[in-house]
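Colleague: The listed protein sequences correspond, in order, to chains Z and V. When the letters of the first sequence are read in order and numbered with the working numbering, they come out as residues 1 to 193. When the letters of the second sequence are read in order and numbered with the working numbering, they come out as residues 1 to 145.
None of these hints come from the bench; they were simulated from the model. This one's a predicted model, so the numbers in the text were calculated from it and none came from an experiment. Hints may be right or wrong, so weigh each one.
[Stated by the list, open to error] Chain V is faced by these chain Z residues, among others (derived, beta-carbon under 10 Å):
1) Pro7
2) Ala40
3) Gly90
[Claimed, not checked] Here's a subset of chain V near chain Z, in silico, CB distances under 10 Å, partners left out:
4) Gly35
5) Arg44
6) Tyr47
7) Met50
8) Arg57
9) Ser74
10) Ala75
11) Gln120
12) Arg143
Here a beta-carbon is modelled for each residue, glycine too, at the ideal position from N, C-alpha and C.
Given next are the chains, with one letter for each unit.
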Amino acid sequence: MSPIGCPQCGWELPPRMFESTDFAPCQICGAELSLLPFRAAFAPKQELRSADMARSEEEAPCFYHESKKAAQSCSRCGRFLCSLCAAEFGSEVLCPDCLVAAARSGQDARLETERTLYDSIAFALAVVPAFTVSFTIFGAPAAIYTALRFRKRPTSLVRRRRWRIWAALLIGLAEVGFWVFAIAVAVTNRQQT
Amino acid sequence: MITSNGYVALSGTRRGFIRRASAWMADDHILLITGTRFHERYARVYYRDMQGLIIQRGGNIPISWFWIVLAAVSAAIGAVQLGAWGLLIGAFALIVPLGLGAGFGCRLYIATAVGNVQVQSVTKTWQVSRFSAMVRVRAEEARPS
């Protein structure tokens, strides 16, 4: 049974909590906790022992560790890897270099840890100043710039619709059109007077 | 709800005025999204690494910004129309959901071999059972690493 710690104080939860899903107080901090254990909690702990990874003369070495035997190969570059270096990644096994390269390139969504939602920023720049009307003179150009500059950037990882970016562009253009019209009317009136 | 890239929405979504949190289920992992309206941070917990779910009872249900706006608007309209009584109605609109939510809050954590990961989108006790029902099947099927 693997040890699971209290989320409040980190103290190891007692074995009785693995048997019942009833709420019970933590022995140290008193936080009322209930545990729903899964299969992995009862699985025997697997440890990488250096003796198991040691290489004999006939065995191929790990690309990164000469003294360790190769257990797998990288799915992308084909380098031989020991159990320590092989990173299981979905159906692939990657070496540390390919993992870093994939994260830097941003081509693999599974390695992304954050995204800026430019579509939401452009939409907010177009819509929020509209409540005050006068601020649209700054908001509209900013919304148009953001929408055009970042229109190809990916949106949220789970939300793929891109209507916000186009709505921001349309609203921004409409606001600019309004200001052009308003200024034209004001200039015409001034010339007449 | 299933997205175009195969993520299924899990029970519980936090939609604050600025801060947001949600949880999504994929074939081999759970995606936890936290952040703001303009920036998202992703954390992935793979089913094979999940040792269990820990529910910490207590606290209040966070009040939705929608209720706060509604209460403020009703107080403003009420103050104009009914004077002090209107302000009382607005305050009542704010206090009732706060009172109803008191004590029904909870925190959900996913226990892994290296620590507990908080699921910030789940804050209500009734969301936990739906969340665990969806996740449990996948976690039990997964081969522990």
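Colleague: A separate judgement is required for each hint: does it hold in the structure or not?
Modeller: For each hint, the structure was consulted:
1. Pro7: With Cβ-Cβ at 4 Å, under 10 Å, it holds.
2. Ala40: This interface hint holds because 4 Å falls under the 10 Å limit.
3. Gly90: Hint on Z/Gly90: holds, closest Cβ of chain V at ~6 Å, below 10 Å.
4. Gly35: Hint on V/Gly35: holds, closest Cβ of chain Z at ~7 Å, below 10 Å.
5. Arg44: holds, 7 Å
6. Tyr47: holds, 8 Å
7. Met50: holds, 5 Å
8. Arg57: Check passed: Cβ of V/Arg57 comes within 4 Å of chain Z, closer than 10 Å.
9. Ser74: Status violated, d = 19 Å.
10. Ala75: V/Ala75 check fails; min Cβ-Cβ to chain Z is 20 Å, beyond 10 Å.
11. Gln120: violated, 13 Å
12. Arg143: Given a least distance of 9 Å, the restraint on V/Arg143 holds.
Of the numbered hints listed earlier, those contradicted by the structure are 9, 10 and 11.
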